[in-house]
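Protein chains: 2
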Amino acid sequence: MTRELNSILSDNAKGMKRSAIRELLKLTSNPDIISFAGGLPSPLSFPVDELKVIVNEMMETEATKALQYGSTEGDNLLREELVKVYQEQGLNISIDNLIITTASQQGLDLVAKLLINRGDKIIVGLPSYLGGLSAFNSYGASMVGVPLDDEGMSSIELEKTIEEMKSKNELPKFIYIIPDFQNPAGITMTEKRRKEILKISSKYNILIIEDSPYRELRYEGKPQKTLYELDETGNVIMLGTFSKIFAPGLRIGWVIASQEIVDKFVVAKQATDLCTSPFTQRIAARYLQKGLLKIKIKEIIEMYRKKKEIMMDSLKKYMPEGVSWTNPEGGLFLLLTLPEGMDSEKLFKIAIEKKVAFVIGSAFRCDDGGRNTARLNFSYASEEQNVEGIKRLAESIKEYK
Amino acid sequence: MTRELNSILSDNAKGMKRSAIRELLKLTSNPDIISFAGGLPSPLSFPVDELKVIVNEMMETEATKALQYGSTEGDNLLREELVKVYQEQGLNISIDNLIITTASQQGLDLVAKLLINRGDKIIVGLPSYLGGLSAFNSYGASMVGVPLDDEGMSSIELEKTIEEMKSKNELPKFIYIIPDFQNPAGITMTEKRRKEILKISSKYNILIIEDSPYRELRYEGKPQKTLYELDETGNVIMLGTFSKIFAPGLRIGWVIASQEIVDKFVVAKQATDLCTSPFTQRIAARYLQKGLLKIKIKEIIEMYRKKKEIMMDSLKKYMPEGVSWTNPEGGLFLLLTLPEGMDSEKLFKIAIEKKVAFVIGSAFRCDDGGRNTARLNFSYASEEQNVEGIKRLAESIKEYK
Numbered sequence: 001m002t003r004e005l006n007s008i009l010s011d012n013a014k015g016m017k018r019s020a021i022r023e024l025l026k027l028t029s030n031p032d033i034i035s036f037a038g039g040l041p042s043p044l045s046f047p048v049d050e051l052k053v054i055v056n057e058m059m060e061t062e063a064t065k066a067l068q069y070g071s072t073e074g075d076n077l078l079r080e081e082l083v084k085v086y087q088e089q090g091l092n093i094s095i096d097n098l099i100i101t102t103a104s105q106q107g108l109d110l111v112a113k114l115l116i117n118r119g120d121k122i123i124v125g126l127p128s129y130l131g132g133l134s135a136f137n138s139y140g141a142s143m144v145g146v147p148l149d150d151e152g153m154s155s156i157e158l159e160k161t162i163e164e165m166k167s168k169n170e171l172p173k174f175i176y177i178i179p180d181f182q183n184p185a186g187i188t189m190t191e192k193r194r195k196e197i198l199k200i201s202s203k204y205n206i207l208i209i210e211d212s213p214y215r216e217l218r219y220e221g222k223p224q225k226t227l228y229e230l231d232e233t234g235n236v237i238m239l240g241t242f243s244k245i246f247a248p249g250l251r252i253g254w255v256i257a258s259q260e261i262v263d264k265f266v267v268a269k270q271a272t273d274l275c276t277s278p279f280t281q282r283i284a285a286r287y288l289q290k291g292l293l294k295i296k297i298k299e300i301i302e303m304y305r306k307k308k309e310i311m312m313d314s315l316k317k318y319m320p321e322g323v324s325w326t327n328p329e330g331g332l333f334l335l336l337t338l339p340e341g342m343d344s345e346k347l348f349k350i351a352i353e354k355k356v357a358f359v360i361g362s363a364f365r366c367d368d369g370g371r372n373t374a375r376l377n378f379s380y381a382s383e384e385q386n387v388e389g390i391k392r393l394a395e396s397i398k399e400y401k
Numbered sequence: 001m002t003r004e005l006n007s008i009l010s011d012n013a014k015g016m017k018r019s020a021i022r023e024l025l026k027l028t029s030n031p032d033i034i035s036f037a038g039g040l041p042s043p044l045s046f047p048v049d050e051l052k053v054i055v056n057e058m059m060e061t062e063a064t065k066a067l068q069y070g071s072t073e074g075d076n077l078l079r080e081e082l083v084k085v086y087q088e089q090g091l092n093i094s095i096d097n098l099i100i101t102t103a104s105q106q107g108l109d110l111v112a113k114l115l116i117n118r119g120d121k122i123i124v125g126l127p128s129y130l131g132g133l134s135a136f137n138s139y140g141a142s143m144v145g146v147p148l149d150d151e152g153m154s155s156i157e158l159e160k161t162i163e164e165m166k167s168k169n170e171l172p173k174f175i176y177i178i179p180d181f182q183n184p185a186g187i188t189m190t191e192k193r194r195k196e197i198l199k200i201s202s203k204y205n206i207l208i209i210e211d212s213p214y215r216e217l218r219y220e221g222k223p224q225k226t227l228y229e230l231d232e233t234g235n236v237i238m239l240g241t242f243s244k245i246f247a248p249g250l251r252i253g254w255v256i257a258s259q260e261i262v263d264k265f266v267v268a269k270q271a272t273d274l275c276t277s278p279f280t281q282r283i284a285a286r287y288l289q290k291g292l293l294k295i296k297i298k299e300i301i302e303m304y305r306k307k308k309e310i311m312m313d314s315l316k317k318y319m320p321e322g323v324s325w326t327n328p329e330g331g332l333f334l335l336l337t338l339p340e341g342m343d344s345e346k347l348f349k350i351a352i353e354k355k356v357a358f359v360i361g362s363a364f365r366c367d368d369g370g371r372n373t374a375r376l377n378f379s380y381a382s383e384e385q386n387v388e389g390i391k392r393l394a395e396s397i398k399e400y401k
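The listed protein sequences correspond, in order, to chains A and B. 1 is the number of the first residue of the first sequence in my numbering; add one for each residue after it. 1 is the number of the first residue of the second sequence in my numbering; add one for each residue after it.
None of these hints come from the bench; they were simulated from the model. Predicted model only: the values in this text are computed from it and were never measured. Some clues are possibly wrong.
Claimed, not checked - With a straight-line Cα cutoff of 27 Å, these simulated DSS-like cross-link-like pairs (lysine-lysine) come out: (1) A:K290 x B:K203; (2) B:K401 x B:K391; (3) A:K65 x B:K296; (4) B:K52 x A:K52; (5) B:K203 x A:K65; (6) A:K14 x A:K121; (7) A:K306 x B:K65; (8) A:K14 x B:K222; (9) B:K222 x B:K168; (10) A:K195 x A:K84; (11) B:K168 x A:K26; (12) A:K17 x B:K121; (13) A:K316 x A:K290; (14) A:K14 x B:K168; (15) B:K222 x B:K306; (16) A:K65 x B:K294; (17) A:K52 x B:K296; (18) A:K355 x B:K298; (19) A:K354 x A:K316; (20) A:K14 x B:K401; (21) B:K65 x A:K298; (22) B:K26 x A:K65; (23) B:K52 x A:K290; (24) B:K52 x A:K121; (25) B:K121 x B:K199; (26) A:K65 x B:K65.
Unchecked claim - A few chain A residues that face chain B, going by a derived Cβ cut-off under 10 Å, partial list only: (27) P43; (28) L44; (29) Y69; (30) T102; (31) L108; (32) N117; (33) F174; (34) N205; (35) I245; (36) F246; (37) R251; (38) V266; (39) T276.
Glycine residues also receive a C-beta, built at the ideal position from the N, C-alpha and C atoms.
I would like the entire structure built from these sequences, with the hints used as guidance.
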């Protein structure tokens, strides 16, 4: 093109940045590098043999349905099976409360598409999931951060922030929350805090986006009720996904909300990708119907609990003084805090030379904080690598000048 | 929610309509109804046996790759195979010119996300593909229609329209064109017209979106060069898909453009769904690699050519005077024109009672024209149904008062 491409991009596209992380992560493709960077499940967690059976059955009995276009709402069998899972947990929902999405990243995209006018305020955690921040940024959201403490997003800070916004007549469109094993902090919101947050949501009548990709992966402590279950006002939109408990390659997630809200998602999704793959949806539906998901989740929990413990032990053993870390009750990540003034981006370069990788903490912030933090994933690398990688990372920190 | 949901929706979401078509199409779910309404390929066109073999091989040798997250650009093997297909057609492209999308509806969504600020002008054909119009509308595009004649979008009308826009300093962001077997009109753009349109695009420096889902399905006449191939300025973004020549249920499409533009698509797609299913992508890659797509396309062409001829014969035999129709050289659709003053929405109700369905022509228009037109699909119903359905439709027209 002769003209400058940037001049004709939408304002939102002008604000989309080729993520710095993406560039950093390219460095980690070297197979010698132990990567704690991605949010990848262990390939050993994939139910390959079970899927072989299911795919063969599907190709015998319902191939033409799986290969054809499907409805925007999603495969009805899959929706019914998912509703059963949630009903067993105590949620009062029907299939009209659930739409299938092309994994939960599309859920985040549709949330933004439905709710955000360029410049609209929203509230996110400090820190918060990178993919959520990108989705909201891609619609021009103006993000305001509220810090987390040990019990999750601070309700005192949240209310203070909302009051300030209210005084400027700039109430946020929604509050983005990852209550269970938060990404990247690894913190789980207590029930008391959940109720406080819901009270604020109800008082100011602000939607909550409950992003819940890890909830089933609890290694200790007892499950918390979802914000969706605790809410009595219809203000919560919950996002779920198979990416961490089944297989991210199938690209299946879902949104649970009031029927009125789900209807809006259907209209928005139709213009976005018509439908999520009926082929992968039907595989997932049969997998659930056979009761295999429950069994698999137990196996994954055993596998990841051990990996996590090994990483925790190694951190204790190798990390120099001044370094601290969260102890997540579940999920895939923990957050490392380096001594004040240490810059994890600078550390990253040393670490890559020592052949270990992580994600710099500032990537998860809508402000410019978090520079002395780093997210570590413990699910993808092997147990041995979790030891060796922490050893290398500790050495990198010691070498940091 | 206690508050009115609509009050917090984005302006774009407020403008999204639950498509009237969707509601009309619901009426066609009755299995007694012969449906010429959908854009569905024939289930007999799906390569079920070949896919069974491929999926089994994949599960044996590369399951963990297929079940894991993949890159945003898409599976490299699939990109390479697609590049080969286009290189054989004479296109000078490399994998850096191609990004995989979650079928071509996502291509349209990303086009709009990247280019449209609410209120921006774009140019579309009169008529034009419904899903394109929805995607552009969902970002608040202001659509200006340019009529088609027998050679495709009128270049004279196009230039007149652009001149008018220019005089108001409102040049369009892009021109949306379906050059081959246009949906819904069934018209193919001549090479002369393609060159005229490209000259206008180059003169005013306006992007062309070349939507090309049917190009491989040619039943007569000789293939036209794509706008992408004829263009010399880098102004063309071409969208392709497997939905009509392989299987829509896999949800795989692609965008071909200059590397600079593809890079923008990558950033936008990452925030939208991270990646298209590596599982279905790998199936498609192996299918192409085995040379099966070429063989299958030949079979589909034979099947659809016959279906089309049967529908054309039936139209000639049964339609009352005053009704005319296009004779597409390929694709899935033809456009019926009813006598002036006849309203296809009113006809639809009679037709449904006679158990035959179509899509009303006004659905494909950004203006309020096309009321006496109807789109007929000839690929989905059986040969016998194509005869019987046209008979029923002709009776409905005769009964119209």
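- Item | Earlier hints that do not hold, by number | 1, 5, 8, 9, 11, 13, 18, 20, 24, 35
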